[in-house]
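Chain by chain, the residues run as shown.
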Amino acid sequence: MTDQNAVDVAELTKTFGGIHAVEKVSLKVPIGQRRALLGPNGAGKTTLFNCITGSMRPSAGRIFLFGKDVTEMPEHHRTAMGIGRTYQITNVFLKLSVIENVLLAVQGTTRQKWIPYRSVESFPESLARATEELERVGLANRASVSVRYLSYGERRQLELALALASRPRVLLLDEPASGLSPAERQRIAGIIAQLPRHITLILIEHDMSVALGLADQIAVLHRGRVILEGTPDEIRANPEVREVYLGKV
Amino acid sequence: MNWALQALNGISLGALLFLLASGFTLIFGLARVVNMAHGAFYLLGGYFGLTILRLTGSFWLALLAGGVGIIVVNYFIERYLLRGIGENHLAQVLLTVGLVYVIADIALSIWGGDSLSIPPPAFARGPIDLPGGIVYPRYRFLLIVFGVFIGILLWLLYKKTQIGAIVRAGVDDREMVNAMGINIDRLFALVFALAAFLAGMSGVAGGAFLALYPGAEWEILVLALVVVIVGGLGSLEGAMAGSLIVGLVDAYGRWLLPQFSHFVVFAPMAILLLLRPRGLFGREA
Amino acid sequence: MGRRGWLVLGITVALALLAPQVLGTFWISLVIQVLVFGLLALSVDLLLGHTGIFPLGHAAFFALAAYTTAILQVRYAQPTLLAAPAGLGAAVILALVYGLAVRTSGVYFILVTMAMGHIVWGAAVTWASFTNGDNGIGNVPFPALGSLAIRNLSSYYYLVLAVVLACALAYRKLTRSPFGLTLRGIRESGSRMHALGYNVGAHRYAAFVLSGSLAGLAGVLYIYFNRFVSPPTASLHVSVEAALMVIVGGTGTVIGPFIGSAIILVLRNYVSAYLVNWMTIMGVVFIATVLWAPDGVLGLMRRLRAQLRMSPARSESPMVVAGEGKDTP
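Chains as they are written, first to last, in the working numbering: chain A, 1 to 249; chain B, 1001 to 1285; chain C, 2001 to 2329.
The set of hints was computed from the structure by calculation and includes no laboratory data.
A virtual CB, placed ideally from N, CA and C, is assigned to each residue, including glycine.
Some hints could be false.
[Claimed, not checked] Distance ranges between label pairs, derived from CB positions: (1) C:V2022 - A:S151: 49 to 57 angstroms; (2) C:R2303 - A:S151: 19 to 27 angstroms; (3) C:L2275 - B:S1115: 21 to 29 angstroms; (4) C:L2300 - B:A1165: 45 to 53 angstroms.
[What the hints assert, rightly or not] Just so you have them, the derived chain C footprint on chain B, three or more residues with Cβ under 8 angstroms: (5) 1174-1188; (6) 1224-1230; (7) 1258-1266; (8) 1270-1277.
Please model the entire structure based on the sequences and the hints provided.
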């Protein structure tokens, strides 16, 4: 393993009109690390994610994936390089079935997506991959159900399956536990904790306990800037973090 | 000399197109409604005006009748038909296209299939002598003046009044305007009425130098659509710029490349498509 | 499609094969039109029902193919085996160029395709030296395919039936393939697909070219049936009617466009025979369909079946604004 970072964000800035959503953020996430991004709403965490995955272009700064400068690279190429992502607001394909959703995610980084003959079911490797991911998140028994009949919690599980289906090397999870009941929260946290260690994980989480339990390193954002970085213990002990969350800053 | 002449031709057509396209683009910008019946409004408004002119002899009443008549027609359409479909553009397009069929067919029954024209008012007939020795039809020149006047009026309304500010805010973010407690329905009704008035009135204005005939509702619509594609949907400046460009390209195109006259006007559209799909002043593609 | 579906298809095909023996020229002519325009509607549905974009200019491909074939056969006395592929080829080339339109989305796409269709119409009218302008091009002979000579409408009917069936089967394969699934994903959410690694623009372009080519094929079938082509064939009206057929029948299926085609054509043939104001009726059909049956006939049937079973049936139509898009807890 080289000492190359999985994700390297350098002086990233993103402004909307006059608002600095992200301001000169620098982040180095080594391969295999589990990094959590904490911060109150509006701190710029999701915007940062959007810049890393490529769905938004930064106003300034550069982004590197495994040492390669991807700042100009379109989103779908970055996915092919190995980024997977979940969304804070569930972003699954409602009118398709659960298995179709995952199949889309599976074939997204393969040549298969261009094949215009042979039915989708006749590709056993993809089907096996998709089923594997569904089993991992616990949705295997709902495979043929149309997603709109899924409960919110099940949709969050599917969201995770979509991100994992392309076998990403870097996984960006945006509040995977948001809106879930405590039991569902535990389950999602469990699934995430059991992910293979070679996958680099960057986690946005509002729920401190989930974040502190999963992360190796934490970065706290406030108003678009990184104000603090440290291990879970260091962060837990830091009074400034509490102020940030309670709005005393 | 001819260049100037063709420029005037282009600008006068542009003025007419602006009257029609401005309403279309504002309705889309504010209410996210695509109303393909705008061309039919033009034709019907022109027919209304023609009838009133025959009855009263007054061109001004005809203009008014065209505008007001369409306000009424549009009111019923908006209230009873469009309101049910919300923001679904596909449904809007199909529904309003259906309306064009109905309106055009009914108009055919009432006014017949012959090409009719609206005689311009006495003061606007004949030629006018312009600087540079150009002799130009007075009516078309006055149409340019009228178009510029309406353009300035709309611009002032849009940029300098409170109502205009609210409309602009609504174009940017409708939810916010709603949340601010402003009655968005009444705002919509106002903008719809204004757009309808302009469309109907433009039919009367246009009927005096282009003619009114079955099929005109589609031809003028296509031109108006190119205007908003080039200028950008939802933008008043876009409608102004687009109208000018389309008018000029059409005039010069007909003069320099008569065998391509029918579609030279699409060239700016193609260029925009390649370079800037959302139009010159448009916001989202 | 279950066993019952294949049975129904089998019976329909059998009936279709027997038709010329039983029906007169008027009806055979009508059935051919239903098939040809159904194919045009099918091409529109590839974009509308599967990719989620609404083209309003497909008459361009239809008419261009018809004109090309007609001109080659009539003016240059070329054989069918050259003229027909050339007609299709012209449509393919136009689709490759017009595919630029996928750079726009939403309303702009609708407007741009409308304008593109208008360009072809304008060319048909203005280039009179080439297209004969408003007079159109007539006296197109029946197709001559080597040893197979078509001499009457009935024989042509069988050819059309064969081609349309082949297209329908290929279309069905396409929609069930990974490419078809990709298109449906794009229809649901282009941005999510992007994030999943898809070059959405490239897929849309491919779908557009396929769609335009299929419309061109329908145009070739058309010219040998009608044996006359003129500018109205390229008009907005044809494009709009094709879209209406899709909506009336029901999007997202193979049979829907053909059902819609049958309904619209039968309506038009009957209504125009009795009423002068049949355009008004057509307009009302548009409006009524949009307001009350956005799912089309198939949707109505689905809802009926669901009601009988007393279970909910949700709309699949792109015309119903889905209240659900993104999810909230």
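We went through each hint and held it up to the structure:
The given range of 49 to 57 angstroms is respected by V2022 of chain C and S151 of chain A, whose C-beta atoms sit roughly 55 angstroms from each other. At about 25 angstroms, the beta-carbon gap between R2303 of chain C and S151 of chain A stays in the expected band of 19 to 27 angstroms. Taking the beta carbon of each, L2275 of chain C and S1115 of chain B are about 25 angstroms apart, inside 21 to 29 angstroms as hinted. Take L2300 of chain C and A1165 of chain B: their Cβ atoms lie about 46 angstroms apart, and the range 45 to 53 angstroms holds.
Given a C-beta distance limit of less than 8 angstroms, the hint that chain C covers the stretch 1174-1188 of chain B is violated, as 0 residues qualify and 3 are needed. Counting residues of the stretch 1224-1230 of chain B whose CB lies closer than 8 angstroms to any CB of chain C gives 4, which reaches the minimum of 3, so the coverage claim holds. Given as covered by chain C, the stretch 1258-1266 of chain B passes the check, having 6 residues with a CB less than 8 angstroms from a CB of that chain where 3 are the minimum. Residue count for the stretch 1270-1277 of chain B with a Cβ under 8 angstroms from a Cβ of chain C: 4. That meets the three needed, and the coverage hint holds.
Violated hints amount to a single one, hint 5; each of the other numbered hints is respected by the structure.
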